[in-house]
Every structure is written in structure tokens, then in C-alpha cells.
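Chemist: Quick note, the sequences are listed as chains A and B, same order. For the first sequence, the working numbering gives the first residue as 4, with consecutive numbering after it. For the second sequence, the working numbering gives the first residue as 226, with consecutive numbering after it.
Hints in this document: simulated from the structure, not taken from any laboratory. Computed from a predicted model, the values in this text were never measured in an experiment. All C-beta atoms in this analysis are idealised placements derived from N, C-alpha and C, irrespective of residue type, glycine included. Check before you lean on any hint, since a few could be wrong.
[Said to hold, decoys possible] The following residues of chain A were derived to be distant from chain B, with all beta-carbon distances above 12 angstroms:
no., residue
1, Asp61
2, Asn63
3, Ser74
4, Gly93
5, Arg116
6, Asp259
7, Leu281
8, His291
9, Gln329
10, Arg340
[Stated by the list, open to error] No more than 25 angstroms apart at the CA atoms, straight line, and that leaves these computed lysine to aspartate or glutamate pairs for DMTMM-like:
no., chain 1, residue 1, chain 2, residue 2
11, A, Lys69, B, Glu393
12, B, Lys315, A, Asp391
13, A, Lys198, A, Asp61
14, A, Lys198, A, Glu184
15, B, Lys315, A, Asp380
16, A, Lys192, A, Asp343
17, B, Lys263, A, Asp391
18, B, Lys315, A, Glu143
19, A, Lys69, B, Glu355
20, A, Lys393, A, Glu209
21, B, Lys397, B, Glu367
22, B, Lys405, A, Asp173
23, B, Lys315, A, Glu395
24, A, Lys69, A, Asp185
25, B, Lys406, A, Asp148
26, B, Lys405, A, Asp100
27, B, Lys397, A, Asp378
28, B, Lys315, A, Asp173
29, B, Lys369, B, Asp354
30, A, Lys69, B, Glu378
31, A, Lys192, A, Asp218
32, A, Lys348, B, Glu378
33, A, Lys53, A, Asp166
34, A, Lys69, A, Asp283
35, B, Lys306, A, Asp380
36, B, Lys263, A, Asp330
37, A, Lys69, B, Glu257
38, A, Lys53, A, Glu224
39, A, Lys359, A, Asp106
40, B, Lys405, A, Glu161
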Amino acid sequence: MMVRVERLPIARWLRRSIACLYSCAAVTAAAASCITLQSAQAENLKTREKLGEALFSDRNLSFSRKQNCVSCHSPELAFTDPRVLGEIQGAVSRGGDGRSLGDRNSPTLVYIRTTPAFHISSTREAVGGMFWDGRAGTLEDQVRDPILNPVEMAMPDEASIVDRLRENADYRAAFAALYGEDALASTPKAIAALKNALAAFLDTPEFAPFTSKYDRSLRGETSLSETEARGRDLFFSNDGAGCNRCHASAAAGARDEVFTNFGYFNLGVPRNAVTRRLNDSKPQRVDHGLMENPAAAHGAFDGKFKVPTLRNVAITGPYMHNGIFQDLKTAVLFHLRSSDTTSAKTNPETGSVWDKPEVPANIADLGSRSLSSSDVDALLAFLKTLTDRKYENLLSN
Amino acid sequence: MKRSISRLHVSLRLLPVAVFAATGFQGAASAETCTAFKWSVAADLTLMAAPEAVTVASGGAIASVPSKAIQLQLEPSPGIKFPAASGIKKQAIPQNSFSGWFKIDAIAKPGLYQITIPDHSWIDVVQNDELVQSTAFSGDQECKTLRKSVQFELGSGPVIVQIGGSAEKSMKLTVREADKK
């Protein structure tokens, strides 16, 4: 009994100590978990690029809190919209309200960092800029518009955007650290910082990897197949398909080629009747393209749209500014329709002759020469080599 | 005395567990770096770590939202027939990937649910014959166990989960009611 009396308190003390240790362990684990979560989030926002990345995926920047930039520019599909949207067949994107539909195809953001600022050249040609009509001059100019666009993220005004930023403690800390203590104090300052951070993210190497088979072939790391090489030669040759007249800004072999001259052309693309029916467009609606850009509001620019990059083109359909063509081959044949290429006389997706252009003025004479069906196949094979390594597993589709 | 010592032994045997909870588990969690998710996936990680899972073949059904992870057997993507047309463009699904679907016969409690998966496969949720728009998405590229978590507002009744484009033939995933904020 004595022993028991003497030893029980020790045992009890030990048990209590261990129990306390369990409790402390649980509390410590929980606290550590919270601290880890918070510090990880804070850690993730320590640079402008990381802050921009967080903003890019933040649905709170849309009025409904249901849409972010990723919704229409998914990194899993070369920063294009992966959604089919039923009858729309991916031609345009759906807004944050879950109902509104756009009128133009969401372009890839990969290589967008290489786009020069919008300007009218000395030869009165429009060059560069963001969106299909260049209405945003630079990346920083561009990033705000989708947030405010009523059929996209639909925030009512800039002040509302800043209110959403202020809701987030991590943002408050990150903006203060990166842009000054008063970064979110005023709407203009906050919007400037938001634009800068988003543009910084879009300017990271992730958006210009240059890892395609074509790039690797230039670096001597691999070789194009015979068909791919023939397609490349057709693409770049002056007496070939002529693609390089618009879809290149340097001679063949340039390592930083992004396969656009950043110019604007009216190719005579037909209107997308399905989109127009479903997005509540007025029957008389005409997309005048570049002419809708206030900096280019001139009849000479009517119906022109920016030449898109062809990098990752094989996985970023549907094609053209309004996503009217589902298949890349259709888009290629459309460019050849005024040549003698037999297979280009009809739209393979409808089996009928090509619909008339939405804007009949200013249609570019592409000067395409006739191509055989094996030439077209070679061109398509070459275009597939422009797919960055990250997306090559999607090519077999 | 014996009982006390016995309890003490038990306690001492469990001590490493407690210490592991405080240090080792955190170390493992840190190694996983799953904290980049916008919401906690701690419960999902626990379900994923547990050996038990509800196994279901593609096209199969489970009665209700399980308290365990779900082991979904997938099929080659080109041959898969989803109950509802996929909401994802076909070019986003790798040809050599695997896809599958299963039905949950009854969502007993309407609310916000999250589906968390170990890779970047696409998730479609179908209820009342319509694709349910996701409410929120989060991911963690550094987390080895879980990469993607998507939240959906679900009503009561049956729901179909369609998974597309996985690199693996079988996927362990979690479906559970989202934590209250």
C-alpha cells in the first residue's frame, strides 16, 4: 500500500504529463498546420509574378465569384478555354454569370509576352497590341478589361475590384510589400498594381517556353520527320504555301520566331451563326474587328483581325477570331480557297462552299498557290511540331 | 499497480505517435507541400492515406458520399462513353490517357462538395442531366498525393462524376462535403 501510495502519484504524474504531451502535440500540430498554411500562402505571394499568378486564378475577381482568368485561359490547354459549352463547341467563352457568351474566341496567352505594343506603322499598317483588335496596347493595358467586361468577369467598376482585393489579408500584405504600404489605399494605385502583377505573371518563362519539336530541331536536339521538314519548307518558302508572309516575323530558322508578324488582315471569315444565335447578338451585328479599336477607327481597317501565333495551334482550336472552324485542316484549307487547290473549294466541315465573308471589304489577297493533298498534310504535320513539350501528349487527338 | 504500470506502458508506447503527430506528421505534410491549396485538403489527405477505399468500376454506382476515398477503375479514353457529353474539348484529353465515371445514387444533404484528385485530369459533374458549373478550383503542383480540388454546389439526389484524361488506369480520389468557412 505504501509503495502504491508512493508510486501512484508518480504514475499519475507521468500519465498526466503524457496526456498533456498528447494535447500539446495535437495543439502544436494544428497550430503548425495553420502556420504552415498561412506562411505558405504568404510565401507564394512574395514576388510580383507570384502575386499575379494568384490573381490569375482568383475567382473573387469576378462579380459572381465563379470565374477567374483560368476559366478561359487554362494552363492545361496552352492557356485557352478548355470548355465545349454544348452547341457553342468551344468557339467562344462563357462569362462568370454562367450564361453570357462572348463573340470572339479566347486566344492563347502563350507567347503573348512577345507581342509589341499596338501602333500604326509608317506604312499605315496596324501592328501589335492585345486582343483580336489590338484595343489594349500592352499586356498591362489588357489585363484589366476581362475583369470589367460584362460578359466575362463582369465586375461593375474598378473600385469594386479593389474592394475584392482588400478582402484578402494575404493580398493586403503582398500588395503592401510589393507596391508600398498604400498600394490598396486608392483605386488608381491599386489597379495599377493589379495590372502590373498580372502582366508580370504573363511575362514569365512559362508563357514562352520554346520547347516544341521545332525548337528542339533548331537546337539540334531532334530532327523533323521527312513530312514535317517538307511542311516546314512549304511554310517558309517564298514559292511554297506562303504562310510565312503573315505567320513569321523573321527568316526561317530564327529561334525566337513566334509565327506571327503581329499584323492585321481580313481573311473573309464568315460570321459564326451559332454563336450569334446563342449570345443574343442583334441580327444586324457585324464584327468590324480592328476598326472597333478606337485607335484604328478607319474604314481601311474594317474586318481586319490580328494574325495569331501558330505556336500550339494544333491543340488550340476552334480556329479564326470567332472560332468558326473546328479542325486545323479546315483552317488551312480556308486560307487556300482562292488557289486552285481542289480540296479547298468547299468547307470540309459542312460539305458546302465557304460561307460569304462577314466583312466583304479589305479582304486580303493571300496569293496562295495550289497545294496537293500531301502538301496540306505536310503543312499540318509541320504545324503540329510547333506544340510545346508540355502539350505534346495532346497531339494524337 | 500493475494496471497503472500497464497504462503507463501503453501511454509510453503511444508517445512516439504523439511526438510524430507533433513533428513527424508535420514533416510529412511539409514534404507534401499541400498547403498551396486555397482550402484545406487535410481531411482528403487522411482519406487518401488510409488503406481502405470504396472501389468502383467505371460506370458503377455507390449509394452515397462515402466516408472513405474512392478507387475508380478507369478505361482507355478513346472508348469511354460518358452519360453526359464531356464539358471539355476533345483535344484536352490525351489519346493515351484513361477516363471513367461513377454515379452517387443520393446526395443526402445539399451543399458545397469538393472532389479532389491526384492529377490534373478533368472533372465533370452531372446532376439533373446537366453539367454542374464548378464553384471554385484549387491546385497544388508540389503536392504528390493530391493535385487538384474542385468544388461544386450540389442539390439532393443522384449525381454523376466524370473523370477524363488521367495518366493512370485507376484513380484514388475523394468526394466530400467542403469544410465550412
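Chemist: Measure nothing beyond the straight line between the CA atoms of Lys405(B) and Glu161(A); if it is 25 angstroms or shorter, mark the hint as holding.
Modeler: violated, 30 angstroms
Chemist: Quickly compare the C-alpha distance for Lys198(A) and Glu184(A) to 25 angstroms and report which way the hint goes.
Modeler: holds, 17 angstroms
Chemist: Take the C-alpha atoms of Lys263(B) and Asp330(A), compute the straight-line distance between them, and say whether it is at most 25 angstroms.
Modeler: violated, 37 angstroms
Chemist: Check the non-interface label on His291(A): least C-beta distance to chain B beyond 12 angstroms or not.
Modeler: holds, 28 angstroms
Chemist: Measure nothing beyond the straight line between the CA atoms of Lys393(A) and Glu209(A); if it is 25 angstroms or shorter, mark the hint as holding.
Modeler: With a Cα-Cα distance of about 10 angstroms, the restraint between Lys393(A) and Glu209(A) holds, given a limit of 25 angstroms.
Chemist: Decide, holds or violated, for the assertion that all CB atoms of chain B are farther than 12 angstroms from the CB of Arg340(A).
Modeler: holds, 24 angstroms
Chemist: Quickly compare the C-alpha distance for Lys69(A) and Asp283(A) to 25 angstroms and report which way the hint goes.
Modeler: Since the Cα atoms of Lys69(A) and Asp283(A) sit roughly 22 angstroms apart, the hinted pair holds (cutoff 25 angstroms).
Chemist: Taking the shortest Cβ-to-Cβ distance between Gln329(A) and chain B, state whether it exceeds 12 angstroms.
Modeler: At about 10 angstroms from chain B, Gln329(A) fails to clear the 12 angstroms cut-off, so the statement is violated.
Chemist: Beyond 12 angstroms from every Cβ of chain B: is that where the Cβ of Gly93(A) lies?
Modeler: violated, 5 angstroms
Chemist: Is the straight-line distance between the alpha-carbon of Lys369(B) and that of Asp354(B) 25 angstroms or less?
Modeler: violated, 34 angstroms
Chemist: Sort out whether Asp100(A) lies within 25 angstroms of Lys405(B), counting only the CA atoms.
Modeler: Holds - the C-alpha atoms of Asp100(A) and Lys405(B) are around 24 angstroms apart, at most 25 angstroms.
Chemist: Between Lys69(A) and Glu378(B), does the CA-CA distance stay at or below 25 angstroms?
Modeler: Holds. Lys69(A) to Glu378(B) sits at ~11 angstroms (cutoff 25 angstroms).
Violated hints, in rising order: 1, 2, 3, 4, 9, 11, 16, 17, 18, 24, 25, 27, 28, 29, 31, 32, 35, 36, 37, 38, 40; the structure is consistent with all others.
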